[in-house]
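Visitor: Protein chains in written order, with this note's numbering: chain A, 1 to 234; chain B, 235 to 746.
There could be a bad hint or two in this list.
In silico DSSO-like cross-links for lysine-lysine, where the CA-CA straight-line distance does not exceed 30 Å [said to hold, decoys possible]:
1. K518/B x K649/B
2. K110/A x K690/B
3. K110/A x K649/B
4. K332/B x K398/B
5. K577/B x K110/A
The hints are simulated quantities; they were obtained by calculation from the structure and are not laboratory data.
The chain contents come next:
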Amino acid sequence: MPTERLRDNAPRILVVDDEKSIQKFLRTILTAEGFVIQIAETAAAAQVESALFRPDLILLDLGLPDMDGVALIRQLREWSAVPIIVLSVREREDDKVLALDAGADDYLSKPFGIAELLARIRVALRRVVQVSEPVFRSGDLQVDLAGRSVTLQGEEVSLTPTEYDILRLLASHAGKVVTHNLILQQIWGEAGTSQQQLLRVNISNLRHKIESDPSRPRYVVTEPGVGYKLRVYE
Amino acid sequence: MTEQIVVEGRHIPVQHPPFSSLPGYVVGVLLVVGATVVCELLRPLLLQNHLLMIYLVTVVLAALKVGLRPAIMVVVLSGFLHNYLYVPPRFSFDFQHKEYLGTFLGLLVTGSVISSLVTKARERAEALRIKESETASLYRLSRDFVAATDRSAVQAAVLVNIEKTLGLQAALFLAENDQAAPALSCDGFSLTDEEQQAVLQAFTTGQAVEQYRPFAGTLCAYPLKTRRLTLGILAIRIRDRAGEAYEQTRRLLEAFATQTALALERIELAHQAEQAENLRARQKLERALLNSVSHDLRTPLSTITGVLSSVLEESGRLSPAVHRELLENARDEADRLNRFVGKLLDMSRLEAGGMILKNEPCDIEDLIGCALGAMERQLAQRMLTVTLEPGLPLVELDMTLFCQVLVNLLDNANKYAPPGSPIEVRAWNDNKAVQFMVADRGPGVSDGELERIFDKFYRVPEPEGVGGTGLGLSICRGIVEAHGGTIRAENREGGGLAVIITLPTKGREYAD
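Assemble the whole structure, with the sequences as input and the hints as a guide.
Guide: The structure is reproduced here in structure tokens:
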């Protein structure tokens with residue numbers, strides 16, 4: 001049957017949250033958007049379902065009754081690369097960083113709008129489908145990953161090697177927050193985690209080259225206390 | 235009066251009559267010998283009756299100076315000597331003549347009367363002097379008590395005064411869980427087991443207890459009693475335990491104990507009153523908080539409920555435009571509710587002192603960018619100018635919290651300034667501090683309110699439709715002060731309010 005086929009092809013989302021109202025809301029909205037939904041109320045159930053239900057994406061609330069959400073992410077990451085979007089409340093910046101460093105792909109602060117949620121889900125799912133695209137585009141910004149060149153409104157932007165590396169890293173996680181620690185490790189190596197101020201200076205310089213108003217950045221946006229994100233515009 | 239108060243090897247000086255360093259009898263004998271010598275010298279010139287006058291003077295002198303019994307001895311000696319030496323026949327006693335018996339009795343009466351008068355007067359003077367010194371030491375004690383504002387100050391005052399006035403070592407035990415627990419003692423003051431028992435007994439019975447120990451002296455344990463209960467024990471060791479002086483010392487110590495009890499009770503009552511006052515203030519604040527919180531929670535909730543029920547029940551009759559407008563309204567109110575809850579959480583964390591700063595090196599431009607980004611939707615219709623001094627240093631701060639400060643300030647400016655009026659954000663480096671300014675062209679506040687707007691739950695009389703929580707600026711102040719900075723507001727020339735943050739950069743800068 002066509003509907004069955006549609007359902008078979010539809011992305012499968014595992015919602016891990018013990019709040020009934022959130023479960024109901026997510027099930028209604030996401031089913032309407034054509035996703036197949038499974039609910040897990042505990043970390044134990046989440047582990048079982050992520051093996052049986054084989055989700056394409058997990059929406060995970062960190063406050064679970066039986067286990068710390070960050071620990072659950074670490075366990076899942078031992079055998080699964082499924083995208084994980086963390087749903088957290090604003091007051092827990094520490095948890096966000098921990099979750100991202102543990103292997104979560106993105107996070108969304110509660111309460112959130114449905115448009116924002118769907119955008120994040122799309123970004124996370126696209127990453128799986130399109131593993132590497134040679135050219136990254138966002139608005140007027142274009143990063144040619146093969147040719148190591150950056151253009152803004154078609155004009156070549158001259159970046160230092162470090163600035164380019166940071167931009168490429170953000171582009172490869174486009175739409176998602178990349179934590180300070182991850183950037184520091186990728187760019188400066190293991191010893192780089194103490195180089196926070198170097199990162200700030202490089203981000204500032206990068207913005208002055210690619211943003212029209214560096215004090216109101218469009219592309220490289222800061223998540224205070226967490227990291228940076230490269231925004232994607234159609 | 236020749237007793238001395240001897241305590242712990244120190245002497246309390248008592249005013250003694252002249253010669254008092256010698257026993258009265260010796261002085262009496264010396265006086266009589268002196269009188270006899272004078273008589274011998276004057277004998278060729280005077281009659282024996284006149285010589286009697288010299289003995290009379292001697293008796294008067296003795297009566298004045300050496301006390302009653304030595305004076306009587308002087309009378310007897312003088313009578314016999316005068317009779318023996320100067321009543322003819324010389325060198326023999328003559329008690330045949332009644333007038334000599336009269337002379338003797340006269341001397342005796344004169345000596346006794348003068349002596350007892352003098353003794354009484356001296357005793358009265360001495361009693362007065364002791365009273366005065368007791369009064370003075372009690373006065374000093376109560377003066378110290380008045381100055382004492384807590385229990386430990388009272389304790390110290392007692393021990394210091396006892397040591398200063400009486401030269402005695404003492405210790406204080408205070409009631410704790412129905413036991414007398416050691417609170418404070420003079421250096422080197424320790425108690426034997428029996429003495430501790432005495433302290434305990436005094437505490438449980440509420441009566442003074444004395445415990446004598448050879449060589450060490452007497453331990454006196456005075457209960458510190460108020461009308462209601464025994465607050466503790468004043469324990470003092472006294473070297474000797476006899477005589478008038480001991481009684482006086484004891485009286486004084488009892489007075490000390492009473493005063494101490496009163497002082498401790500006063501402190502306790504003051505403490506209770508203060509606690510009650512604090513409780514009242516807190517209850518008042520909590521009531522205000524509850525009123526404010528329930529109002530601020532209900533207002534957006536009633537909008538949301540209203541919108542949702544009309545969409546559910548009336549959706550057929552609503553035009554798509556109205557439908558959308560209602561839902562947008564509900565979403566805005568939900569946002570507001572969320573911001574309010576966030577502020578309450580911030581406030582409670584600030585209040586609990588549990589705000590831990592997660593400092594990181596921060597680019598000021600980035601910080602301002604974050605705040606503007608968070609307010610993007612609200613500020614969409616605003617003319618906004620951002621002026622950054624070039625070359626601002628990286629500053630060590632908690633970016634999440636500081637971003638919240640700027641968001642709150644922008645939110646206020648946006649709420650209180652009329653729509654379309656410009657908002658200005660400025661940051662500059664000034665004299666070892668980074669300064670931030672968020673300024674609007676709104677109505678400003680009266681000069682009297684410039685400081686008060688940072689108080690919790692303080693709201694300026696607000697324009698219609700502006701829903702302030704009275705929390706935003708107090709949260710800002712809490713966060714800025716946690717960073718060691720200051721925040722102030724001033725009215726701008728040409729109208730509007732400017733809020734200025736000064737964040738010292740000493741120790742927060744990074745060398746490039």
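Visitor: Measure nothing beyond the straight line between the CA atoms of K110/A and K649/B; if it is 30 Å or shorter, mark the hint as holding.
Guide: 24 Å, holds
Visitor: Within a Cα-Cα threshold of 30 Å, do K518/B and K649/B meet the stated pairing?
Guide: It holds: about 28 Å lies between the C-alpha atoms, which stays within 30 Å.
Visitor: Holds or violated: K332/B and K398/B, Cα atoms, limit 30 Å.
Guide: Given pair K332/B, K398/B is violated - Cα atoms ~61 Å apart, limit 30 Å.
Visitor: K577/B and K110/A: Cα distance at most 30 Å?
Guide: 15 Å, holds
Visitor: For the pair we were handed, K110/A and K690/B, check the Cα-Cα distance against 30 Å.
Guide: Within the cut-off at roughly 26 Å; holds.
Of the numbered hints stated above, the single one contradicted by the structure is hint 4.
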